[in-house]
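> Sequence:
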Amino acid sequence: MAAEKGVNLGSGGTRGRHRGEPHDPIGSALTATWVLGHVLALFLLGVTVTQHSELEDLMSPLADRSVPDQETTG
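1 is the number of the first residue of the sequence shown in the numbering used here; add one for each residue after it.
Read the hints as simulated data drawn from the structure, not as lab findings.
Backbone N, C-alpha and C fix where the C-beta goes; we use that ideal spot for every residue, glycine too.
Misleading hints may appear alongside valid ones.
Said to hold, decoys possible - Listed next, with one range per pair, are the computed distances between beta-carbon atoms:
(1) Q70 / L40: 48 to 56 Å
(2) Q51 / I26: 33 to 41 Å
(3) P22 / H52: 25 to 33 Å
(4) Q70 / F43: 42 to 50 Å
(5) Q70 / G37: 50 to 58 Å
(6) A29 / S53: 31 to 39 Å
Build out the structure end to end from the sequences listed, making use of the hints.
Now the structure itself:
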């Protein structure tokens with residue numbers, strides 16, 4: 001398949017699209033959308049983890065100051 005399109009996959013050869021080949025704007029747009037979606041997902045995951053750890057740090061002093069439950073034996 002690569003040999004049919006004239007792409008040399010060997011070492012030291014030309015890789016990728018040739019200069020005369022037409023540009024595919026739809027493929028570029030899909031690639032950009034895919035990359036942007038992954039970057040956004042990683043950003044949101046990082047924000048969620050950061051907020052969760054800050055909430056745990058905020059709540060841990062409250063738990064340390066609380067009185068433990070007392071069992072009543074009757």
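> All hints are to be evaluated individually against the structure, with a verdict given for each.
Each hint, compared with the structure:
For Q70 and L40, the Cβ-Cβ distance of about 49 Å falls inside the hinted range of 48 to 56 Å, so the restraint holds. Distance hint check: the CB atoms of Q51 and I26 are about 37 Å apart, consistent with the given range 33 to 41 Å. At roughly 48 Å, the beta carbons of P22 and H52 sit outside the given window of 25 to 33 Å. Between Q70 and F43 the beta carbon distance is about 46 Å. The supplied range of 42 to 50 Å therefore holds.
Q70 and G37 have their C-beta atoms about 53 Å apart, which keeps the hinted 50 to 58 Å range intact. A C-beta distance of roughly 36 Å is found between A29 and S53, which places it inside the suggested range of 31 to 39 Å.
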